[in-house]
Amino acid sequence: MDIQIDEQTVKKYGRILSRVVVVILVLIVLSASVFSVKPESVAVVTRFGKYIKTQEPGLHFMIPFVDRYQIVQDKRQKKQEFGFGTPENTNPSQWTGQDQFPLEKTMVTGDLNSAEVEWIIQYRINDPRDFLFNVRNPEGTLRNVSESVMREVVGDRTVDEVLTIGRQEIEAAALMGMQEVVDKYQMGLHIDQVQLKNVNPPRQVRASFDEVNEAQQEREQLINVANGEYNKVIPRAKGEADQKIRGAEGYALQRVNEAKGDVARFSAMLVEYNAAPEVTRRRIHLETMAEVLPRVGKKIIVDDESAKVLPILPLQDAMKGGAR
Amino acid sequence: MKKLARALGLTILVLVIVLASMSAYSVSETQQVIITQFGKPIGEPITTAGLRFKLPFIHHANYIDKRVLAWDGAATSMPTKDKLYISVDTFARWRISDPLEFLLRLREERSALSRLDDILGSETRNAVAKHELIEIIRTSADRKAVEDEALVERGVSSQKLPPISKGRQKIEDEIFEAANEKLQQFGIELLDIRFKRIDYNPSVKNKIYARMISERQQIAEAFRSEGAGEAAKILGNKERELKRINSEAYRQVLAIRGDADAEATAIYAKAYNQSPEAIEFYEFLQTMETFRRTLDKDTTLLLSTDSDLFRYLKTDKAK
Chain A
15 MDIQIDEQTV KKYGRILSRV VVVILVLIVL SASVFSVKPE SVAVVTRFGK
65 YIKTQEPGLH FMIPFVDRYQ IVQDKRQKKQ EFGFGTPENT NPSQWTGQDQ
115 FPLEKTMVTG DLNSAEVEWI IQYRINDPRD FLFNVRNPEG TLRNVSESVM
165 REVVGDRTVD EVLTIGRQEI EAAALMGMQE VVDKYQMGLH IDQVQLKNVN
215 PPRQVRASFD EVNEAQQERE QLINVANGEY NKVIPRAKGE ADQKIRGAEG
265 YALQRVNEAK GDVARFSAML VEYNAAPEVT RRRIHLETMA EVLPRVGKKI
315 IVDDESAKVL PILPLQDAMK GGAR
Chain B
350 MKKLARALGL TILVLVIVLA SMSAYSVSET QQVIITQFGK PIGEPITTAG
400 LRFKLPFIHH ANYIDKRVLA WDGAATSMPT KDKLYISVDT FARWRISDPL
450 EFLLRLREER SALSRLDDIL GSETRNAVAK HELIEIIRTS ADRKAVEDEA
500 LVERGVSSQK LPPISKGRQK IEDEIFEAAN EKLQQFGIEL LDIRFKRIDY
550 NPSVKNKIYA RMISERQQIA EAFRSEGAGE AAKILGNKER ELKRINSEAY
600 RQVLAIRGDA DAEATAIYAK AYNQSPEAIE FYEFLQTMET FRRTLDKDTT
650 LLLSTDSDLF RYLKTDKAK
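Here the protein sequences line up with chains A and B, keeping their order.
Numbered according to our numbering, the first sequence spans residues 15 to 338.
Numbered according to our numbering, the second sequence spans residues 350 to 668.
These aren't lab readings, by the way, just hints derived from the structure by calculation.
Some hints here could point you the wrong way.
Straight-line Cα separation of at most 20 Å, EDC-like style, residue types lysine to aspartate or glutamate; simulated pairs [to be verified]: (1) A:Lys312 / B:Asp645; (2) A:Lys64 / B:Asp414; (3) B:Lys556 / B:Asp431; (4) A:Lys64 / A:Asp144; (5) B:Lys509 / B:Glu481; (6) A:Lys198 / B:Glu538.
Take the sequences, apply the hints, and build the full model.
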């Protein structure tokens, strides 16, 4: 009797339990067959390991447990830094570590000098299939390729080109070189940009490089000072010379005009004279005497017939008298 | 009876499923597989991805990477032909091209990497020892350096690239050829080898720095001396210009004055010489003028009553 009841109860609960289990299983299967792809990414779907398709952003279905998907961020531009590293980053291959930086940036230039070059590359995954399936650790390999190509490019250039005048050219050549290698192995990457950051001579020689800059400035300064001297003196000298010449011209004018004036006066008087020479002469003579004689200090008028006067002149007195 | 049949059916189903799952294996896009039977490889390597079946228990699936793999050598110090010690860091890409051979000879990637270390390491060392440093550094023999014009003008010739005959790529090719041959037997295909980093050994660095410093100092000296030279030239010009301006002005002033004096003299002469009467009159006038100028309070005049002026002192009669 008891056994019968137990069996029935067990069967009943068994059925309920099995139905619950089935429901749970269905739910698990359903959830395992749905996946979503975020924007800026795609999902590469494989079935039993074999590639079947690439899914764009959105909600998608797959056969659970059999299909697998890998998310690849193909629209997002990623960055790798060499010789330095900025702390906040989401890309694990962006930079290596403090101890690596000095090794990454020291290079030998084409004129057998040494330089420290920091640079970044910006790249995108442009073929998710290639990126996942062709090369193991493509981003790690990319770092090696970047370093190798950069050194090859720097190795063909002088230290002056690297430090100053050749930077853009180096960036272009490096980008081309890196893309070539990346394409050769179909890494599914596209390098958007190579950018040089800090480029310096090695610390130990930096002072002498600065010295060159200082010397250039010194040169400029010496020349400027000399030019200043020149410009201070020469224009003024020119001005003064001009002034002197003007003065001479003024003198010339004056002299000639005076002469002309004197001559005009003389000519006028000459006409008068020619008309009555004796009278004119007498007149002028008397006028002159009238003007001059009052000024004379001592006047002694002697008569020829008064010969009694001794012809000894008290000249000393006369001179003293003149002084009075 | 029915129960037994159902139980049996269920067990068989389960067994089939279990067996199936043990004989099925998947090959991903990045893998290739060699099936071995009790350790001995059988059949061709399986290189296409997907679901595959094998005999359970008896067959074992060995997974081998199909992708391009990387080898990164450690930085080692080695001398060049011109006795410069440099630290060289190379890296290479390789592939397991013959999985069968690979399985037989090397078994695992770890052994492959160690072979690569040996072979690539020694070939690199050989190549470096056979060439001068400049051949390893530079690549394109026909590249002319862009020179800083400011430095070119001063004849500072440190900006030249020393010439090469081979260059880095050719040397990398040499290492590649030599190493690839040796690696074929292991089922490995070398895809390329490149210099990742080359740097001077610390012991050599000081010499290099000393050379760089003296080069720069030479350039600095060139600038300074040029500055001084230019400045001296400008100051010299200044002196010369100054002298020129002043002497020019002096000359012109004298010329103008001289011309003016000459012209005035000519005017006077023409006027005073225009007739014998004029000459006479002029002499007379000048004499009168001289009286005016020279007779002053210091003069003592001795005058005779015989003169025309004092004639009338004695008489009032006309001459």
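Evaluated hints:
1. A:Lys312 / B:Asp645: This hinted pair holds, its Cα atoms lying about 10 Å apart.
2. A:Lys64 / B:Asp414: Holds, at about 15 Å.
3. B:Lys556 / B:Asp431: holds (14 Å)
4. A:Lys64 / A:Asp144: It holds: about 14 Å lies between the C-alpha atoms, which stays within 20 Å.
5. B:Lys509 / B:Glu481: Holds, at roughly 17 Å.
6. A:Lys198 / B:Glu538: holds (15 Å)
Figure legend: structure checked against the earlier numbered hints; every hint is met.
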